[in-house]
Structures are given as C-alpha cells and as structure tokens.
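*Asks:* Now for the letters of each chain:
Protein chains: 2
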Amino acid sequence: MEPSNSSDNVTLETIVALAKRRGFIFPGSEIYGGLAGTFDYGPMGAVLKDNIKNLWWRMFVDMRDDMYRLDAAILMNPKAWEASGHVSGFSDPLVECSNCKKRFRADQLENPEKCPSCGKEHTFGEVRQFNMMFATKAGSTEDESATVYLRPETAGGIFVNFKNVVDSMHPKLPFGIAQIGKAFRNEIAPRDFIFRLRELEQMEIEYFVKESGWKDAFSELQALMHEFAKALGLSEVHELEVEKADLAHYSERTIDFEFDYPFGRKELWGLAYRGDFDLKAHQEASGAKLEYLDEELKEKFIPHVIEPSLGVDRTLLAVLLSAYREDDLGGEKRSYLALPPAIAPVKAMVAPLLKNKPELVAKAREVRAVLQKVHPAIAWDDNGNIGKRYRRQDEIGTPFCITIDFDTLGENPDLLDTVTLRHRDSGEQERVSIAEAAERIRTSL
Amino acid sequence: MEPSNSSDNVTLETIVALAKRRGFIFPGSEIYGGLAGTFDYGPMGAVLKDNIKNLWWRMFVDMRDDMYRLDAAILMNPKAWEASGHVSGFSDPLVECSNCKKRFRADQLENPEKCPSCGKEHTFGEVRQFNMMFATKAGSTEDESATVYLRPETAGGIFVNFKNVVDSMHPKLPFGIAQIGKAFRNEIAPRDFIFRLRELEQMEIEYFVKESGWKDAFSELQALMHEFAKALGLSEVHELEVEKADLAHYSERTIDFEFDYPFGRKELWGLAYRGDFDLKAHQEASGAKLEYLDEELKEKFIPHVIEPSLGVDRTLLAVLLSAYREDDLGGEKRSYLALPPAIAPVKAMVAPLLKNKPELVAKAREVRAVLQKVHPAIAWDDNGNIGKRYRRQDEIGTPFCITIDFDTLGENPDLLDTVTLRHRDSGEQERVSIAEAAERIRTSL
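From first to last, the protein sequence lines stand for chains A and B. In this text, residue positions in the first sequence follow our numbering: the first is 4, and each later residue adds one. In this text, residue positions in the second sequence follow our numbering: the first is 4, and each later residue adds one.
The hints are simulated quantities; they were obtained by calculation from the structure and are not laboratory data. Treat the hints with caution; some may be incorrect.
It does not matter which identical chain is meant; a pair holds if it fits inside one copy or across any two.
With a straight-line cut-off of 35 Å between C-alpha atoms, the simulated DSBU-like cross-links for lysine-lysine are [as the list claims (entries may be wrong)]:
| no. | residue 1 | residue 2 |
| --- | --- | --- |
| 1 | K247 | K175 |
| 2 | K376 | K301 |
| 3 | K233 | K185 |
| 4 | K175 | K105 |
| 5 | K283 | K218 |
| 6 | K56 | K376 |
All values reported here derive from a predicted model rather than from experimental measurement.
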C-alpha cells in the first residue's frame with residue numbers, strides 16, 4: 004500500500020476519530036452533550052497548537068527586527084466595533100422556516116425552496132441580516148451603554164493600540180504588530196469539525212508601511228506565508244487572487260490561501276492590503292491622532308497596512324490532514340502522523356525493553372534525562388507490549404522511538420551504550436550510540 | 004541611595020506609569036476612553052507574560068511525568084456551571100443608591116450609610132446578590148436555552164474533560180491536568196490596575212489523587228509554588244492558612260498565598276484540597292461516569308483533587324513590583340527592573356558605539372547573530388546616545404548591554420573581539436570576549 008495523502012482520500016471522520024482517541028481534540032463540554040461550535044484541545048492537541056503558534060512567533064516575529072508583540076483584551080469598548088463597521092456590517096444572511104422555526108444561513112441552503120429540517124416547501128420568510136458578534140453586558144448597570152462584544156477578530160485590538168505601541172517602542176516604519184488570541188463569531192451554522200467554530204483562535208499581523216511601499220511588503224509577507232506552510236508540512240496551498248470587483252473599496256489586493264479539506268477547497272489564510280482604511284476610521288471615531296511621524300522627512304501621515312491573517316484551528320486541521328498516512332508495516336496496516344519534528348507534540352519516546360527489569364529501567368531513565376537536555380518533550384512509555392507503544396507513538400506523530408535493552412548495558416560489549424532508534428515514517432530501526440540519538444533529535448528540530 | 008523594594012515604598016502609580024511608558028501594559032481600548040476592568044499587554048508586557056507562563060509550564064508540567072496539558076473552550080455548556088454551583092452561587096453583594104442610581108459592592112463600602120458617589124446618606128436599599136458570570140447568547144435562536152456563560156475560571160474545563168483525558172492518555176494516578184487561559188468575571192468594582200480585572204488569565208492545575216494521598220500531594224505542590232515564587236523573583240510571599248470554620252464543606256485544607264501589594268496584603272495564589280466534590284457534582288449532573296479504574300487493585304473510585312490556582316495578571320503585577328528598584332548611578336537617579344533573566348523580555352541589548360560607522364555596525368550585527376543562537380530575544384538599539392539606551396533597557400529589565408567599539412575591531416590588538424558588557428543591577432562594565440558574553444547570557448537563563 005502506498006502512503007496516502009490528505010488531498011487524496013483521508014476522510015474527516017478518520018481525523019476526528021484519531022484526534023479524540025489520541026488526545027488531540029475533544030468536542031467542547033462533551034459530557035453535557037457538547038456546545039455547538041466549540042472544541043477542547045486535549046494533552047496532545049494543546050501541545051501541537053502551542054508548537055504551531057510558537058513556530059509562527061519565531062518565523063513572523065522573533066527572527067525579525069520589525070515586529071512587535073501585543074496581547075489585547077477580548078472585551079473591547081464597543082465604539083471600536085462601530086468604527087470598524089462590525090456593528091453595522093458583520094453579519095450573515097438568515098432565514099427562518101415558518102413551520103418548524105429552525106434558522107439557516109440563506110447562502111448555504113442547497114434548496115432555497117425547501118426546509119432541510121422539516122421538509123416543508125416555501126416556508127422561508129424574508130432574508131434578514133444576523134450580526135455574528137457575541138454581545139454581553141459589562142458592569143452591574145442595566146442600561147444599553149453597558150453592552151460589549153467579544154471581539155470577532157484580533158485585528159481590532161492591534162489598531163486601537165497603534166498609538167500606544169508607537170509612543171512606547173518608537174518603531175521605524177515599516178513595522179508590524181503581531182497578536183495571537185481568541186476571537187468569537189456567532190456562526191449560524193458552525194460545521195466541519197474545527198474549521199468553522201464559534202470560538203476560534205487567530206494569528207494576525209498588521210504590518211504598517213508607507214503607501215509607496217505596500218507592494219514590496221505584500222510580496223515579502225506572501226513569501227513568508229508559503230515558507231510557513233512548508234515548515235508546517237502542509238500539502239499544497241492554493242493562492243486565490245480576489246478579483247478587483249470583489250475587493251473592498253479600500254483594498255487594491257487580497258489573496259486567499261486555500262487548502263483542500265475533505266469538505267472542499269476552503270480558505271485557510273488571508274493576506275490583504277487594506278490601505279489606510281482602519282487607522283483612518285479609528286482616528287475619526289476616537290479623536291486620537293493615529294499618525295506616524297517620519298523623523299527624517301519631518302512628515303506626518305497615516306500608514307497603510309498589510310494584514311496576514313491566519314486561523315490557528317483551521318491551520319491545525321490542515322496540519323493533521325497533511326500529516327495523516329496509512330501504510331502497511333511488517334504485514335500490518337498502520338496509520339501515523341508524519342508531523343515535522345519541530346511541531347510534533349512528542350519529539351521522541353524512550354522505553355526499556357522490559358519494564359520489570361530494574362537495571363533496564365534505570366538505564367532508560369538515564370538516557371531520557373540526556374535526551375531531555377535537547378528537548379523536554381521526550382515521552383516515557385512502558386505500557387503494554389512494544390508494538391502497541393509504537394502504534395500509539397505513530398498516531399501522535401512522534402518522530403523517534405528509542406529502546407534500551409541488555410546490549411545497552413553491555414551484554415554485548417560492542418554495543419555498550421547504544422540504543423535502538425526507530426524511525427516513525429519508515430518503521431526502520433538502527434543501532435546508534437546514545438550521543439548519536441541525541442544528535443539526531445537535535446538536528447531534526 | 005539604597006536600592007528600594009516593592010514591599011517598602013514603590014507606589015502603584017509608579018508601576019502604572021512605567022508599564023505604559025515602556026510598552027508593558029496599556030489601558031484596554033484606551034483611545035475610546037477605555038473599558039473598565041480590561042488592560043492590553045504591549046510589546047514588552049506580552050513577552051513578559053509569555054515568559055511567566057512558559058516558566059510555569061516548565062516547572063509545573065514539562066519537567067514532570069504526571070502532568071497533562073489541556074486547552075478547553077471559554078464558552079461552555081451552561082449545565083457545567085449549574086453543576087459547579089456558579090449559576091446559583093458565584094455572586095457578589097450589591098447595593099444601589101436610590102438617589103444617583105450608582106451601584107457598589109456592599110462589602111467594600113467604607114461607610115455603608117453614605118453613598119461614595121453622590122454623598123447622600125441612607126440611600127442604599129436591600130443588598131442583593133449579583134452573579135458575576137458574563138452571559139451571552141449562542142446561536143441564532145432567541146429562546147432561553149441558548150444562554151451561555153464566559154467561563155469564570157479555567158478549572159471547569161478541566162473537570163468536564165477528566166474522562167476524555169483518562170480515556171485517551173491512560174494516566175496513572177496521581178496525575179494532574181494543567182491549563183492556562185482566559186476567565187471572565189463581571190466584577191462590580193474592578194480596581195487596582197491589573198489586580199482585579201473583568202477579563203483575566205489563570206494558570207490552574209487539578210491534581211487527582213487517591214483520598215489517602217492528598218496530604219503528600221498538597222505539600223509537594225505547596226513547595227513547588229514557593230519555588231515558582233522564588234524563580235519569579237517575588238518579594239516575600241505569605242501563607243494564610245484558611246481557618247477550618249471558613250473552609251467549604253468539602254475541603255479540609257486551603258492556603259492563600261498572599262503578596263504585599265501597595266494597596267495591601269492580598270491573595271496572589273490559592274492552593275485548595277477540594278475532596279471529590281467537583282467530579283462527583285459533574286458525574287451526577289452529566290450522567291457520565293467520572294471514575295478512575297485502578298488496574299492493579301481492580302478498584303473504581305472518584306479521585307480527590309488538589310487545586311493550585313494562579314492568576315497570571317496579578318502574578319505579573321507582583322513581578323513588576325518586586326523587580327522595581329531606584330538607585331543613584333554615576334550621580335544620576337535611575338529606576339530599573341531587576342527581573343530574573345529567565346523572564347526578562349529582552350535578554351541582552353547589542354549596539355555599536357557609533358551608528359554612523361559602518362564597520363562598527365557590521366561587527367555589532369555579527370555579534371548579535373552569535374548571541375541570538377543563545378536566545379532570540381537580543382535587542383538591537385542604536386537610537387539616541389548611549390546613556391539614553393541604558394536607561395531604556397534598565398526600565399524594561401534587560402540584564403546585559405553589550406557595546407561594540409573600535410577595540411572590538413582590533414584598534415587595540417589585545418582587545419580584538421572583546422566587547423563591553425554592562426550589568427543592569429550594578430551598572431558596572433567589564434571587557435569580555437564575544438564568546439564569554441554569549442556564555443554569560445546562557446548561564447543566566
């Protein structure tokens with residue numbers, strides 16, 4: 004059997020089942036029947052998600068001199084969302100069935116004449132706009148002014164802090180402000196596992212430039228996004244150039260990065276040139292001056308902005324789909340995740356050949372301590388037989404499994420202080436020194 | 004002037020001003036007049052916060068074999084909060100002035116007879132209980148069942164995932180599930196900067212044990228919390244043993260860890276033995292079996308739990324207060340943050356002595372690249388004169404400043420490839436090799 008690939012034939016059900024079985028992703032509040040549009044990341048998923056985020060921090064922020072981090076609150080003054088247009092315009096078209104009272108997204112109905120829930124025809128009234136922001140009341144007063152929204156995107160927090168970042172950090176243009184955080188969208192129809200969620204996480208940058216410099220910055224960030232896709236091990240990512248006629252009035256260019264999910268080719272990430280629309284709108288609404296002073300030219304202006312926007316959850320789903328493989332190993336069918344070692348939740352597993360031999364256990368502990376100096380995520384697994392352990396580690400994407408046996412202790416003097424190193428993708432095993440095993444892990448990361 | 008210390012005399016205003024000036028913390032949505040109880044972390048604050056969280060992950064989770072990460076959703080099925088008692092009991096006492104209609108926390112009024120806002124006496128009606136959970140509506144339906152809450156603590160997400168973690172990871176008792184994430188509390192009176200927030204972040208562990216083992220686990224986690232306080236450089240942390248009469252019925256022991264903030268000695272962290280109260284309540288309400296099977300003893304039971312609960316924001320405030328120092332250096336008054344290098348946002352600053360000498364700039368870039376192999380957070384700062392740069396780095400807590408001059412290039416052959424290394428706390432400078440500078444940074448972390 005040839006290795007399979009996400010874009011070929013892996014089903015969403017396969018990934019959902021593996022994600023639950025191996026502690027990546029559980030339905031939110033599952034013991035209470037769940038909560039639509041929410042999922043919880045289990046021990047392996049939480050680490051994989053963190054690894055993806057850390058790789059983004061490294062590639063988009065830490066390795067550069069022109070990026071500044073931010074961590075703004077989810078609850079924001081509602082005036083910010085009035086200025087950005089979200090209060091009036093962040094909505095989906097909604098229809099209600101007059102018979103069963105169920106509600107649907109008008110643009111997602113397969114047959115707009117017939118209710119997909121009760122089956123009656125011609126029961127839909129007028130299409131109305133449903134605002135997707137979650138509203139809540141802050142403070143103990145009951146008046147309308149206390150209504151606040153959970154942010155529908157992290158970008159808003161960046162724009163309202165533009166002045167604070169400029170005043171405290173004195174960055175030189177061009178520069179970016181980067182943020183990772185939760186955003187909330189009251190989707191009428193959350194669906195497709197962690198693809199369309201009501202609670203999601205975003206990695207966003209607002210990259211501020213002089214108007215004349217937007218094209219260069221756009222290309223540079225576009226290239227970086229492809230590098231990131233490659234580092235994550237994603238199968239092909241397709242660029243969709245948004246057509247001029249479909250662009251917002253302030254934008255001259257937007258690219259959707261699309262991925263082939265089992266439910267179709269869908270938007271993974273976006274890259275948009277937004278002109279000076281956002282800062283101008285916030286300057287007008289807030290009264291704060293959101294200009295940048297070019298000290299050399301003694302010139303003040305509102306910078307233009309390029310926005311690379313990446314959803315964490317749908318990225319993680321694309322990572323799982325891209326990494327999933329099935330093959331035949333030693334006569335047995337197996338499935339595994341060919342995750343890049345840099346983002347694999349566990350870098351290597353260490354185990355004694357037999358758990359009831361104290362001298363093997365002691366040596367294995369010693370080896371693990373050595374490897375943990377390379378990376379702390381070295382698992383210990385002495386549960387069940389060795390085949391079962393390998394199957395477990397394959398399914399969580401652990402690149403290496405290391406077994407300590409009597410030869411490691413010197414039963415065969417030529418093999419003293421060597422271990423069996425098993426490679427996840429090929430299933431092949433080789434005999435290497437402990438130092439060499441550590442080096443293999445180090446260079447893989 | 005002797006070094007000063009938080010517990011002595013630093014005011015909250017001093018820290019608030021430094022935090023804003025140096026890009027640590029800004030008022031939330033500030034350009035729109037703010038939003039009570041929210042703050043935004045700027046470029047330095049976001050990194051400091053991440054460093055604190057990563058130290059917690061390392062000490063409480065990654066260096067141990069008995070801890071599992073989790074990242075559960077903020078929006079949870081409301082039944083979880085009914086089971087936990089939050090819907091009925093997570094409330095503060097509220098009074099309203101009949102004259103000005105302002106509302107106050109009854110237990111925080113200095114003079115319960117007189118309104119602190121309008122000054123009228125005897126205007127307060129009955130005290131009523133105000134539930135502190137933020138409510139919102141999920142989905143497009145209008146019926147009551149769609150009301151969901153923003154989680155008031157991260158612990159709830161851990162308990163509802165107990166079964167999923169056990170089923171996927173097969174952990175051996177005792178084990179813990181650890182989570183960092185946002186929580187929301189609609190405080191009647193948010194106050195004291197980032198101490199009492201409406202949007203906050205928590206680091207929580209539920210550590211599951213056999214009933215007979217709770218005392219040992221409690222002591223171990225208690226010791227770990229003190230180690231963590233030490234690693235963060237906190238000034239004295241005081242243990243307050245909650246008295247038997249004040250304990251919840253299910254708890255036999257709770258310790259508050261208190262810190263001397265400028266506004267008084269207040270709770271920093273908590274450590275509680277909660278018996279089997281939580282899992283039992285969720286088992287009863289959900290119908291799911293939340294038992295643990297001891298495979299050796301062939302025995303099923305509901306584990307007991309120890310809960311170390313740490314607020315990220317109030318920890319960060321304690322870190323800033325503990326690190327703040329004022330002294331006299333070379334005849335000038337200065338302030339600096341004596342942050343432990345492991346959590347300092349910038350590990351070292353590198354600069355050429357003169358920014359208009361290309362050969363100095365090139366060498367400084369080269370030195371920086373060498374140091375960035377030790378840690379990426381090596382800042383480049385050639386803005387303004389050197390005194391101004393030092394003042395900036397002192398105030399963000401950068402442990403080392405490294406200057407490249409003509410001797411580095413070999414103007415004095417004996418000093419070829421040496422740099423000036425300045426120490427933040429003493430202001431002292433020494434001449435060391437580039438390799439030695441890298442080594443100093445490495446060993447400090």
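*Asks:* Each hint: holds or not?
*Replies:* Going through the hints against the structure:
1. For the identical chains of this complex, K247 and K175 are intra-copy neighbours only, at 31 Å inside a copy versus 59 Å across copies, given an alpha-carbon limit of 35 Å.
2. In this homomeric assembly, K376 and K301 never come within 35 Å of each other (Cα to Cα): the closest approach is 52 Å inside a single copy and 38 Å across copies.
3. Taking the closest pair of Cα atoms, K233 and K185 come within 35 Å of each other both inside a single copy (25 Å) and across two copies (31 Å).
4. Proximity of K175 and K105 under a CA criterion of 35 Å is satisfied in neither setting, with 53 Å inside one chain copy and 46 Å between copies.
5. In this assembly of identical chains, K283 and K218 lie within 35 Å of each other by CA distance solely inside one copy; the values are 20 Å within and 60 Å between copies.
6. For a Cα distance limit of 35 Å, the shortest separation of K56 from K376 qualifies both inside one copy, at 22 Å, and across copies, at 20 Å.
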